[in-house]
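Trainee: Sequence:
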Amino acid sequence: MLLIYTHKITPRFSYTMKQVFTKILGIEIGFTTKVEDFIKHNEAKITYTKQPLQNEFFVRSNDLLFEQGISDIQLNVVQWDNTPCFFPTGERSNIPYDIFAASFYLLSRYEEYLPHVKDIHGRFSPKDSVGYQHGFLDRPVVDLWALKLLDVLLERFPDLEHGKRSYVYESIIDVTTSHCYSNRGVIRGAAGFLLDLGTFRLKRVYERIVVGLKIRKDPYDNFSELIAWHKQLKVKSIFFFQFANYSKYDKNVSTNSNTFKSLIKYIGDYSKVALAASYSSFANATLLKLEKQDLENVVNRPVYMSRMRYNRVDIPYTYRNLIEAEFTDDYTMGYSREVGFRAGTCTSFQFYDIPLEVQQPIKIHPFAIHDYALVNLKNRTAMMSKIKDVHDEVQQVNGKMVTVFSNELLGSTGKYQWKSIYKEILEKYNV
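Just so it is clear: in the sequence shown, position 333 is 347 by our numbering, and no numbers are missing.
Check each hint, because a few of them may be wrong.
[To be verified] List time: in silico BS3-like cross-link candidates among lysine-lysine, alpha-carbon distance up to 30 Å:
(1) 433 - 392
(2) 248 - 429
(3) 265 - 437
(4) 400 - 377
(5) 22 - 48
(6) 32 - 250
Quick caveat, the hints were computed from the structure, so don't treat them as lab data. Since this is a predicted model, take the numbers as computed values, not measurements.
Throw the hints in and build the complete structure from the sequences for me.
Mentor: Here it is as structure tokens:
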């Protein structure tokens with residue numbers, strides 16, 4: 015066991031040490047504030063405080079893990095062996111940066127509590143993040159820091175036992191609109207037809223007719239094909255279905271549609287099914303619970319995983335609402351229009367609620383690649399190069415690569431053949 019001495023054991027300290035040592039590095043740890051217990055410990059041990067006790071492995075602590083609340087922190091990001099880092103520790107420290115404080119800053123989404131301008135959907139902009147501003151958004155720096163720490167620790171403690179994790183790929187399919195034309199009812203179908211006709215979108219008019227006459231399959235209905243690929247390539251996947259009433263931003267098939275319910279049950283036979291929470295339920299815990307219960311009634315099993323519409327996260331309130339609705343896992347931590355690691359990691363982590371100073375019982379599964387973040391890249395070559403860069407970063411730390419694709423984009427016909435792009439990703443990176 016690795017023993018860690020510090021002057022004060024706080025919730026932030028415990029949370030961060032367990033994430034870095036236990037979850038990322040697989041090292042068993044213990045904490046102490048008693049000098050005598052630290053001195054008599056004859057296995058690996060480190061000191062995390064302001065001054066070393068003797069000649070032990072020492073990391074000079076920043077104040078962040080011993081504070082409460084939010085303060086305006088000025089970050090100076092510099093390179094540590096080609097890896098960006100912040101919170102320098104000084105010459106006496108065995109590592110030059112307080113990676114524990116830096117990890118907490120990113121994992122807790124500390125910067126999202128600071129004053130910032132939200133977009134029209136109430137989202138934190140990636141351009142306001144320290145990762146974007148200093149060019150490391152596309153690197154899982156928390157995992158990289160942990161592995162650099164492990165290298166230094168093994169030089170001092172060659173017999174230190176640590177875990178070895180493996181690279182994992184996980185595919186998320188967002189189903190907020192299961193069908194483009196089918197199963198939408200007479201009134202919505204007629205209104206859509208007249209709108210397309212009135213705005214001279216003749217291609218859509220033609221598609222509506224051939225789909226309505228069952229000459230051609232609905233363009234968004236690619237589920238059998240996706241399931242076949244996942245089965246063939248043994249892909250770990252989750253389908254997130256929106257199961258909510260119609261609204262300005264929620265335009266899925268009616269929850270009363272038996273065809274829609276049958277589709278969800280069919281998917282549930284081959285993959286995990288979870289809730290894509292509606293736009294309307296974003297700040298409404300009661301509605302969120304109702305959507306969860308309605309989906310559970312369809313699949314006849316508990317639903318514990320969630321994704322928020324348009325990746326909307328208002329920290330800490332979104333996660334508090336999810337906890338109230340009894341979700342245990344969330345897949346919203348990422349950016350819709352920017353490739354990268356929003357929380358600086360490719361490892362799942364528990365949400366830390368800073369105003370309450372407590373680790374909350376919901377696990378966050380961060381993603382780095384969202385299909386809409388790839389739309390504006392100049393060509394397919396640039397797109398696949400960007401995806402490869404992310405994969406290489408994740409594989410380097412043996413982390414989890416999570417991609418988010420919507421059945422809408424997979425079924426669209428435009429600049430890119432999205433289905434072939436998705437299949438190429440599965441074939442290359444689901445290894």
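Trainee: Does the structure break any of the earlier hints, and which numbers would those be?
Mentor: none
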